[in-house]
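Below, each chain spelled out in residue letters.
2 protein chains.
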Amino acid sequence: MQAAPIQRLIASLSKLPGIGRKTAQRLAYFIIKSDGDYAYELSDAIAEAKKNVKYCSVCGNISDRDPCEYCSAPSRDQSVICVVQDSKDIIAIERTKEFKGLYHVLGGAISPMEGIGPDDLRIPQLMARLNSAVTEVILATNLNVEGETTAMYVARMIKPLGIKTTRIARGIPAGADLEYTDEATLSNALEGRRVID
Amino acid sequence: MQAAPIQRLIASLSKLPGIGRKTAQRLAYFIIKSDGDYAYELSDAIAEAKKNVKYCSVCGNISDRDPCEYCSAPSRDQSVICVVQDSKDIIAIERTKEFKGLYHVLGGAISPMEGIGPDDLRIPQLMARLNSAVTEVILATNLNVEGETTAMYVARMIKPLGIKTTRIARGIPAGADLEYTDEATLSNALEGRRVID
Chain A
10 MQAAPIQRLI ASLSKLPGIG RKTAQRLAYF IIKSDGDYAY ELSDAIAEAK KNVKYCSVCG
70 NISDRDPCEY CSAPSRDQSV ICVVQDSKDI IAIERTKEFK GLYHVLGGAI SPMEGIGPDD
130 LRIPQLMARL NSAVTEVILA TNLNVEGETT AMYVARMIKP LGIKTTRIAR GIPAGADLEY
190 TDEATLSNAL EGRRVID
Chain B
10 MQAAPIQRLI ASLSKLPGIG RKTAQRLAYF IIKSDGDYAY ELSDAIAEAK KNVKYCSVCG
70 NISDRDPCEY CSAPSRDQSV ICVVQDSKDI IAIERTKEFK GLYHVLGGAI SPMEGIGPDD
130 LRIPQLMARL NSAVTEVILA TNLNVEGETT AMYVARMIKP LGIKTTRIAR GIPAGADLEY
190 TDEATLSNAL EGRRVID
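If you read the sequences in order, they're chains A and B.
Plus 9 on top of the position in the first sequence (first one is 1) and you've got this note's numbering.
Plus 9 on top of the position in the second sequence (first one is 1) and you've got this note's numbering.
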């Protein structure tokens with residue numbers, strides 16, 4: 010009995026990741042009942058983002074320009090490339106304000122379970138970028154099986170080129186208690202221990 | 010450094026209830042990267058719903074027509090009006106397939122904490138509907154302090170008219186264990202006990 014435009018909106022919102030039917034309904038009613046122009050503002054923001062956002066032909070990041078803001082910034086260190094699975098990972102790394110080099114987005118990780126092989130990732134595009142100006146490739150894929158497999162695969166591909174290849178550190182997260190840390194993380198942390206100067 | 014259209018979309022999505030910045034970011038990237046026309050479909054669904062959905066002048070429900078689908082359906086029992094706080098509550102009641110009468114949406118509940126008094130609710134509109142054809146008003150506001158206060162207030166307003174006014178039952182939810190039921194619910198359940206024929 011629910012009105013057709015409401016049903017359509019709920020159906021459309023339900024397709025978003027992590028949004029079930031009940032949440033979609035709550036969001037739909039919020040949007041419809043919102044005062045002023047919020048609904049149109051949201052509608053426009055979606056259409057505009059979809060229309061104006063493109064993939065960077067160099068690194069595969071999503072951006073409103075090509076090459077993207079990182080690839081086109083002369084201030085970024087051109088000698089280091091940080092390899093990530095997803096554009097979102099770039100945002101996370103940028104928040105640390107620690108890294109000033111370039112990025113390369115693979116677009117996922119090797120996962121036999123999901124049928125994703127090396128050929129489905131932007132690995133050839135990475136290899137094509139590895140000229141003599143590049144002195145280090147940091148592998149910042151996820152710390153799970155898929156991410157580790159991908160990092161190992163990419164490292165093996167780069168090895169013949171003689172470029173330094175590093176992997177982000179495994180260890181105990183900031184603020185964590187040893188008592189509640191799982192064995193795998195704890196043994197990684199022990200193995201990766203560093204000398205205090 | 011994030012591209013402006015992405016930032017705008019994230020900011021707009023963050024205004025949705027229960028959607029924090031991180032979730033908004035996840036949704037934004039999903040929308041942008043979605044294949045085909047999903048982003049435009051969602052954008053259109055929002056704008057269309059906002060444009061075409063109106064408030065029913067009789068019951069206050071949101072619908073694509075006025076009077077709404079319930080108020081205009083001759084098959085609904087015109088003698089019973091179920092009073093709810095919100096349009097969403099109608100959907101919940103409809104799912105039970107138990108109720109075939111009409112609805113009245115108050116648009117909230119009396120809440121001194123939030124500065125919502127009886128005058129902010131659609132109570133006068135309810136009173137105006139209570140003609141001789143109405144034989145029962147079911148008060149289906151929430152079972153919390155605000156909902157109970159509102160139910161009591163509306164019941165007192167209706168009393169002089171001599172129309173039967175009922176309150177939905179307090180009790181233990183289906184599937185619940187007594188062991189884990191709070192005292193207030195349990196004492197409501199005891200108080201509301203019914204004879205088994």
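In case anyone wonders, no lab produced these hints; they're calculated from the structure.
Certain hints may be false.
For identical chains, the list gives no copy identity; a pair is met inside one copy or between any two copies.
Within a straight-line C-alpha distance of at most 25 angstroms, the following computed SDA-like cross-link-like pairs (lysine to any residue) qualify [said to hold, decoys possible]: (1) Lys-173 <-> Glu-188; (2) Lys-31 <-> Ala-178; (3) Lys-63 <-> Ile-102; (4) Lys-31 <-> Tyr-49; (5) Lys-168 <-> Gly-45; (6) Lys-173 <-> Gly-184; (7) Lys-42 <-> Gln-94; (8) Lys-24 <-> Ile-172; (9) Lys-63 <-> Arg-176; (10) Lys-42 <-> Arg-30; (11) Lys-42 <-> Arg-74; (12) Lys-60 <-> Ala-137.
Tested hints:
no.: 1; hint: Lys-173 <-> Glu-188; in the structure: neither (36 angstroms within a copy, 62 angstroms between copies)
no.: 2; hint: Lys-31 <-> Ala-178; in the structure: between (40 angstroms within a copy, 24 angstroms between copies)
no.: 3; hint: Lys-63 <-> Ile-102; in the structure: within (21 angstroms within a copy, 45 angstroms between copies)
no.: 4; hint: Lys-31 <-> Tyr-49; in the structure: both (22 angstroms within a copy, 22 angstroms between copies)
no.: 5; hint: Lys-168 <-> Gly-45; in the structure: neither (58 angstroms within a copy, 38 angstroms between copies)
no.: 6; hint: Lys-173 <-> Gly-184; in the structure: neither (31 angstroms within a copy, 60 angstroms between copies)
no.: 7; hint: Lys-42 <-> Gln-94; in the structure: between (38 angstroms within a copy, 14 angstroms between copies)
no.: 8; hint: Lys-24 <-> Ile-172; in the structure: neither (43 angstroms within a copy, 45 angstroms between copies)
no.: 9; hint: Lys-63 <-> Arg-176; in the structure: neither (28 angstroms within a copy, 56 angstroms between copies)
no.: 10; hint: Lys-42 <-> Arg-30; in the structure: both (18 angstroms within a copy, 22 angstroms between copies)
no.: 11; hint: Lys-42 <-> Arg-74; in the structure: between (35 angstroms within a copy, 15 angstroms between copies)
no.: 12; hint: Lys-60 <-> Ala-137; in the structure: neither (28 angstroms within a copy, 50 angstroms between copies)
Figure legend: structure checked against the earlier numbered hints; hints not met, in rising order: 1, 5, 6, 8, 9, 12.
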